[in-house]
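Place chain B on chain A using the hints.
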Amino acid sequence: MGLASRDRGTGRLLNGLGLGHRRQRTRLVRVTAALALFAAMVLPGALVMPAQAAEDDPVTFSVALTNEVDSFNPFLGIEATSFEMWALTYDYLIGYSMTDMAPQPALATEWETSDDGLVWTFKIREGVMWSDGEPLTARDIAYTFNRVLDGGPEAATWSSYLVGVESVEAPDDTTVVLTSKKPNAVLPLLPIPIVPEHIWKDVSEKDVKSYSAEPTDGQPVVGSGPFRLVEGTAGGSTYRFEANPEYWKGAPHVDEVVFRVYKSEDPMVQALIKGEIDFAEGISALQVQSLEGEEGITAHNGDSPGFDEIAFNTGSVDLETGKPMGDPNPAVLDAAFRFALNFAIDRETIIRTVYQGGGKPGQNIIPPAYGDYVWEPPEEDAYAYDPDRAAQLLDDAGYTVGDDGFRTLPSGEPIGKLRLAARSDSTTSVDVMQFFQEWLADIDIDSEVETYESSKLTDVILEGNFDTFEWGWYVEPDPDSMLSYLTCDQLGNWSDSWYCNEEYDDLYQQQHVEMDDAARAELVKQMQEILYRDAPYLVTAYSSIGEAFRSDRFACFQPQPDPGGIWLIQYGSQNYLNVRPADEAGDCDGLENAVGASTASGGSGASSGGGSDDEGLSTGAMVGIGALAGLAVVGGAIVLMRRRATVDDRE
Amino acid sequence: MSTASATRESARALARDRRRQAWSRNWRTFRSHRSGLIGLAILTGFAVVAVLAPLIAPAEGLEVTKATGGVLEPPSSEYWLGTDDKGRSVLTLLIWGARISLFVGLAATVISMVIGTLIGLTSGYFGGWAGAILFRVTEWFLVIPFLPLAIVMATVLGRSLLNIVIVIGVTSWPGTALLIRAQTLTIRERPYLERARVLGAGPSHQIRRHILPNVMPMVFANTTLTVAVAILTETTLSFLGLGDPTRVSWGSMLDDAFSVGAITTGAWWFIVPPGVCVVLVVLSFTLVGQALEEVLNPRLGAGR
Numbered sequence: 000m001g002l003a004s005r006d007r008g009t010g011r012l013l014n015g016l017g018l019g020h021r022r023q024r025t026r027l028v029r030v031t032a033a034l035a036l037f038a039a040m041v042l043p044g045a046l047v048m049p050a051q052a053a054e055d056d057p058v059t060f061s062v063a064l065t066n067e068v069d070s071f072n073p074f075l076g077i078e079a080t081s082f083e084m085w086a087l088t089y090d091y092l093i094g095y096s097m098t099d100m101a102p103q104p105a106l107a108t109e110w111e112t113s114d115d116g117l118v119w120t121f122k123i124r125e126g127v128m129w130s131d132g133e134p135l136t137a138r139d140i141a142y143t144f145n146r147v148l149d150g151g152p153e154a155a156t157w158s159s160y161l162v163g164v165e166s167v168e169a170p171d172d173t174t175v176v177l178t179s180k181k182p183n184a185v186l187p188l189l190p191i192p193i194v195p196e197h198i199w200k201d202v203s204e205k206d207v208k209s210y211s212a213e214p215t216d217g218q219p220v221v222g223s224g225p226f227r228l229v230e231g232t233a234g235g236s237t238y239r240f241e242a243n244p245e246y247w248k249g250a251p252h253v254d255e256v257v258f259r260v261y262k263s264e265d266p267m268v269q270a271l272i273k274g275e276i277d278f279a280e281g282i283s284a285l286q287v288q289s290l291e292g293e294e295g296i297t298a299h300n301g302d303s304p305g306f307d308e309i310a311f312n313t314g315s316v317d318l319e320t321g322k323p324m325g326d327p328n329p330a331v332l333d334a335a336f337r338f339a340l341n342f343a344i345d346r347e348t349i350i351r352t353v354y355q356g357g358g359k360p361g362q363n364i365i366p367p368a369y370g371d372y373v374w375e376p377p378e379e380d381a382y383a384y385d386p387d388r389a390a391q392l393l394d395d396a397g398y399t400v401g402d403d404g405f406r407t408l409p410s411g412e413p414i415g416k417l418r419l420a421a422r423s424d425s426t427t428s429v430d431v432m433q434f435f436q437e438w439l440a441d442i443d444i445d446s447e448v449e450t451y452e453s454s455k456l457t458d459v460i461l462e463g464n465f466d467t468f469e470w471g472w473y474v475e476p477d478p479d480s481m482l483s484y485l486t487c488d489q490l491g492n493w494s495d496s497w498y499c500n501e502e503y504d505d506l507y508q509q510q511h512v513e514m515d516d517a518a519r520a521e522l523v524k525q526m527q528e529i530l531y532r533d534a535p536y537l538v539t540a541y542s543s544i545g546e547a548f549r550s551d552r553f554a555c556f557q558p559q560p561d562p563g564g565i566w567l568i569q570y571g572s573q574n575y576l577n578v579r580p581a582d583e584a585g586d587c588d589g590l591e592n593a594v595g596a597s598t599a600s601g602g603s604g605a606s607s608g609g610g611s612d613d614e615g616l617s618t619g620a621m622v623g624i625g626a627l628a629g630l631a632v633v634g635g636a637i638v639l640m641r642r643r644a645t646v647d648d649r650e
Numbered sequence: 000m001s002t003a004s005a006t007r008e009s010a011r012a013l014a015r016d017r018r019r020q021a022w023s024r025n026w027r028t029f030r031s032h033r034s035g036l037i038g039l040a041i042l043t044g045f046a047v048v049a050v051l052a053p054l055i056a057p058a059e060g061l062e063v064t065k066a067t068g069g070v071l072e073p074p075s076s077e078y079w080l081g082t083d084d085k086g087r088s089v090l091t092l093l094i095w096g097a098r099i100s101l102f103v104g105l106a107a108t109v110i111s112m113v114i115g116t117l118i119g120l121t122s123g124y125f126g127g128w129a130g131a132i133l134f135r136v137t138e139w140f141l142v143i144p145f146l147p148l149a150i151v152m153a154t155v156l157g158r159s160l161l162n163i164v165i166v167i168g169v170t171s172w173p174g175t176a177l178l179i180r181a182q183t184l185t186i187r188e189r190p191y192l193e194r195a196r197v198l199g200a201g202p203s204h205q206i207r208r209h210i211l212p213n214v215m216p217m218v219f220a221n222t223t224l225t226v227a228v229a230i231l232t233e234t235t236l237s238f239l240g241l242g243d244p245t246r247v248s249w250g251s252m253l254d255d256a257f258s259v260g261a262i263t264t265g266a267w268w269f270i271v272p273p274g275v276c277v278v279l280v281v282l283s284f285t286l287v288g289q290a291l292e293e294v295l296n297p298r299l300g301a302g303r
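From first to last, the protein sequence lines are chains A and B. In terms of numbering that gives the first Met the number 0, the first sequence opens at residue 0 and continues consecutively. In terms of numbering that gives the first Met the number 0, the second sequence opens at residue 0 and continues consecutively.
For the record, the hints were derived by calculation from the structure and aren't laboratory data. Since the structure is predicted, the reported quantities are computational estimates derived from the model, not experimental observations. Hints are supplied without guarantee of correctness; some may be wrong.
To be verified - What follows is a set of in silico ranges between Cβ atoms, one per label pair, in the way DEER data are often shown:
| id | chain 1 | residue 1 | chain 2 | residue 2 | range |
| --- | --- | --- | --- | --- | --- |
| 1 | A | Gly235 | B | Trp128 | 49 to 57 angstroms |
| 2 | A | Ala440 | B | Arg11 | 50 to 58 angstroms |
| 3 | A | Gly404 | B | Ala12 | 50 to 58 angstroms |
| 4 | B | Gly126 | A | Lys455 | 43 to 51 angstroms |
| 5 | A | Ala440 | B | Val47 | 26 to 34 angstroms |
| 6 | A | Ala440 | B | Leu161 | 19 to 27 angstroms |
| 7 | A | Pro413 | B | Arg11 | 49 to 57 angstroms |
| 8 | A | Lys200 | B | Leu161 | 37 to 45 angstroms |
| 9 | A | Glu378 | B | Thr67 | 27 to 35 angstroms |
| 10 | A | Leu318 | B | Phe102 | 40 to 48 angstroms |
| 11 | A | Asp216 | B | Pro73 | 30 to 38 angstroms |
| 12 | B | Phe102 | A | Ala440 | 22 to 30 angstroms |
| 13 | B | Phe102 | A | Asp149 | 56 to 64 angstroms |
| 14 | A | Leu318 | B | Gly127 | 58 to 66 angstroms |
We put the beta carbon where it would ideally sit given N, CA and C, even for glycine.
Just chain B, same shape as in the assembly:
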């Protein structure tokens, strides 16, 4: 008995050890991607700002009745990025906008990942008519132009933060599903899964213990890329006036700027900062995503 438990323990320790080694190996590889590191640094910066927003820029700065600045004041020592059409500091809006933009981006990605992974796994593993139907559904979603679908859904669902998350989540999963399906198909045919099947492992065991852990890195890398797309989509929808009009996001700032005619009035400080932030965050997620992909995808890694 005691020997058995000892081996089991040591097996666990072994696994833990292996995992730790894998992590540090991956981190080393990741560190060798300078672009990925830069992206990570920028993202960390934005994340810190978003989390600490109440400390950096008190929430009163968002209240229109407490606004102290003039209408569309240019940048000054008091308002580093000028003021918006209601006299609020653009910097404050930008900081609070980071919260909404990042939140929507991440939350929508979680939805998209869950749907994409579930459908990808099932259609890849089970095959047959169920898999075929799921695959067709995926393809169908893939060929529908993404933006019109999102616009229609946002219009039908109404304008709230949660709805935007849902809209982006349920329109952006097909890419992930395809990817996961392809990966599942190759893993399913590997010898060790055949062995597991011979030993009597059921589908759920196979998926949970063997396939999912193997596609997980792929999901992970894909997540970071999806976040970038989700944030861009949030900005687009908000700019089109389909976001939650009572909350400040980068997209809604651009929308406001456009509707008060910031271009004609030359109020570049109302347009450029949210635009730059969107570009920076999207770029960072893309850089990190690419780096992760190369780290976690053995085939890409071998090529290096």
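Just chain A, same shape as in the assembly:
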């Protein structure tokens, strides 16, 4: 594993085309947000921009995000937002389908595997051009992959996709041959942005880390994607892309895409209502709900392929000596104990309150979007809220209630206080642990919530000084990487539960080289069953992401996975090609589940009846807040003035 693997937060982003920061927010940034909010309230309308565009004006689609781009250089960035920018700028060898994220042709039109699964041959699309007029050939692809294979900074993000790959060659302009040492079931999944050799050959290995891949001297970044970056720097708050009319999939229907970074969600939603932006990404389920009555706006909670979990310390060990390390409570080391707790958690309640209705109760580590790989527990064992059963299972395992009213270990020693670690930068995390604490109390287990900053929690986990914690993963279309995080090999790297089970590891190795999809799915299911019994994770929720857009202006977002999925920040850039002005929507080129297609448009805007009501309330709230802010300012001023006045007197 590379350098980056130590950083769990980072890893999550890398491995999920990371939406990992969605629920986390930098707190200090809140000050600015509050000020902006205040400004927005004080100056109503002052910020509203004219929405109507004349006929020849370029069509600009503006998207609001809550995360900044950390680098436009595809070998450096780790934030979800950066991945999205690369998807606009560059192409990929293999794309993801919109329905189930299965591999589908992109730059590679077709591919085949040798019988032993070691040699992959890709046929490359002809006639694709870089934005500076140079042709994109198989040599660019081989060049990009070889940069990753060579190690160095390029390998940090992408080498995990090329594990076991020996060489990548381009025998001619339309063929790429990839040779590996052993079969790899993850291929042909290769989500590495293809960069132009004629530009990047001037960027040496040691310069990569400082190469920004941003527009210089007004020249857009050279890429082959549907858009090109014309304005914006990493860490900035506006990124402007212009359409590539020559794009091989066809020209986009909008002339410009502009991304704006907001520091928090509420101002973003207000901007959407006022029409300053066209699309708001990553809003809360409650905000989605309140937007439903808003005229001209369509909002939804899209299923995101990830899960949140309560994880246990299943046995932290010093990797050099093999001796136990850290200070886990003996109870959480016992699989029977962990399994029992599954029934003490009311997942429906968590979804209803903590997730505000956005998301689905969790079951295991493969989210429902990847249907073929999902293992369903037998009916009678399916996790359900049943504290009596939890208590019974604990009794059976020897954790009986002692004299003081709390359960004891099988040895008769008291369990003591379980420590529930939550991420202080995530409200969801703290809330879930608060629920967990109360449910544990219901089955006579004492516990307390401890909060850590995410980065600190990573250290605590790696040192083994924890009992349980709350976090989440985003799961890639191929389950391999998610499954690997629970193997013994990953102890001290990506493993966060210190889970190690040889039977599981055997199955992992088998599925990794199994080239038959059905047989592989069977192995993956067996692995999930083992995890289910051993319970290193209590999967609490399959998360969802709130999105909203001006449906009076734009249309044709196809969900991924289709149906039920998210509209933007998908795998690939398909929706930036689909999106078009609402009056040109038509049937969205036959996309059945696209929002705003004329066939489906009847339903989306119909529920505007409650609009005026909601508006009244929020206006009331505004006035209230305004008055409060005024009071606070006056109060503060009085305090200050008094103090200043009396200081003179005093001295």
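Just chain B, lined up with the frame of chain A:
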């Protein structure tokens, strides 16, 4: 012997008497400040509510798993101030939040007062290079922007109730120190202290018996004003997410409201009550503080 002890006793009685008279005189003056009285009444109300919280609103109301209401329900006869995003009564949260907010405000003020008074007294009384250094340190703390310093400290120390108290305590003392120092400087030059010195009183005797009692009223008046600032700071830090996330305070309620998008969803009942409470308590402390200042500061009093 007997006469001596009798005079000593009567001296004590005299002092007691004088003190009692001073108290009742001060109370009379204080009563003449209507704003101060109003502030005191409001504060008493909040204090009673905070102390009796377990009786008024059972602690189960804070438990998320026992919450009975819906998500962000508007005020009704059952939930007078509506519910929060987890279905708990906002009123219950408000009542329990008063405890944390008042506790943090008062505890932080005690720290700030102790530091401020100690440094003010020492730097004022001793002068010389020690006093100069202390004075510079005070000034240095005074010019550092207060909020960033508090934010940095809160981030470094981690998030717990005690840490918030410490952060506010150690960042808000310089004002007090300056005030006490100025007062000490003037008292030090008074004739009766000169007399005490001539009679052989050491520094500790002078500070304890003469200077401290004289600056005490000032400390007292300043305390009430500092509490107001401390409560505001607690609210600010909690709103910025730097408070103890497992405890309900008014600031953390505002933080929660903001993060669930209560503004967009129009859930004013989640934002306005904690805001109003903060304003009321801060205002009351300020009013009482001002009244006290006028009562206890002879120069301000004479002006009336």
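Exercise. Can you list which hints this structure breaks, lowest number first?
Worked result: 8, 11
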